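Protein chains: 2
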Amino acid sequence: MDAHTTDTADTPPAPSEQETPWLTAREQRMWRAHLEVAKLLDYQLGRELQPHNLAINDYEILVVLSEAPDHRMRMTDLATATLQSKSRLSHQITRMENAGLVLRQECPGDRRGLYAHLTEQGWETMQRVAPDHVRSVRAHFIDRFTPEQLDAMYTALAPIADHLRSLRGRS
Amino acid sequence: MDAHTTDTADTPPAPSEQETPWLTAREQRMWRAHLEVAKLLDYQLGRELQPHNLAINDYEILVVLSEAPDHRMRMTDLATATLQSKSRLSHQITRMENAGLVLRQECPGDRRGLYAHLTEQGWETMQRVAPDHVRSVRAHFIDRFTPEQLDAMYTALAPIADHLRSLRGRS
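Protein chains in written order, with the working numbering: chain A, 1 to 171; chain B, 1 to 171.
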């Protein structure tokens, strides 16, 4: 990794070192704050969903399906919408099916196949849980920004989300 | 959830609705941008660690241990530092032990017990992988902010990280 030393006075650093643009202190503190908030917020919101017997990923599925036409989506589209692998989604839908929240349905005449469909119970669960969840999101995140910070964060993050989504689409 | 329509002029809304402060459109778009960036960035950084046979959580453990005195930490402290449960950490350390990156050690005379210790191979792996990882973090996140945005993000996020850390500490 290092080495590649040349023996004359104007020795350039090894290419790998030369090209490693380590984070500055200001970049580092922001990067760590972002990582911490992302991780701790996920944990805290999950904790506050526990009394409802829902994991945070379950809640996300309920939201996405409740916003879809006829409360159903192709499994492949649901995997894309929730940014997870098909195999991981499949395990999760099995758990949620056992809890009565969703149903897998084959669509006759559609070879692209399997749908996840929100059940009546899934819909009611979402309706019941949403107010508490929104209160959690406000208390631990949204209400802690000024209106200016909120807009500035969106302006900074939206193009990054676009960039990352386009990379993901390619994979 | 809806209904509760008021038929007379001064009927108050149902308590649940009254108290549910739904996100405004501006709050909602920022909240979704944050969630997307957090999730997609985690995915992309993990993908770019794959050629090194490391998961993103493995890399984090290597970083934390490499910054610790004597390259070792109590398992309980490591769980706190990486914000994960002791049982989940234990599974992860077992995998990393099998890969030769860390060692579990009992500390004689210390009843608080088990340490995770970075091996020479773990240290070399971290050194080798770090430049690539930093490049990924820059390309997909840090370099996409202006210096002003970087500082503004830190100013907004740091107190939220403090808040969430204090909640976590209480659990």
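Careful, some of the hints might be misleading.
Since the list gives no way to pick out one identical chain from another, each pair is judged satisfied if it fits inside one copy or across any two copies.
As the list claims (entries may be wrong) - Lysine to any residue pairs mimicking SDA-like chemistry, simulated, CA-CA at most 20 Å apart:
id, residue 1, residue 2
1, Lys39, Lys86
2, Lys39, Ile142
3, Lys39, Pro131
4, Lys86, Glu120
5, Lys86, Ala55
6, Lys86, Met75
7, Lys86, Arg72
Don't read these hints as lab results, they were simulated from the structure. Every value quoted in this text rests on a predicted model; they were computed, and no experiment measured them.
Hint by hint, here is what the structure shows:
no. : hint            : verdict
1   : Lys39 to Lys86  : between (23 Å within a copy, 16 Å between copies)
2   : Lys39 to Ile142 : both (16 Å within a copy, 18 Å between copies)
3   : Lys39 to Pro131 : neither (22 Å within a copy, 23 Å between copies)
4   : Lys86 to Glu120 : neither (24 Å within a copy, 37 Å between copies)
5   : Lys86 to Ala55  : both (18 Å within a copy, 19 Å between copies)
6   : Lys86 to Met75  : within (8 Å within a copy, 33 Å between copies)
7   : Lys86 to Arg72  : within (16 Å within a copy, 37 Å between copies)
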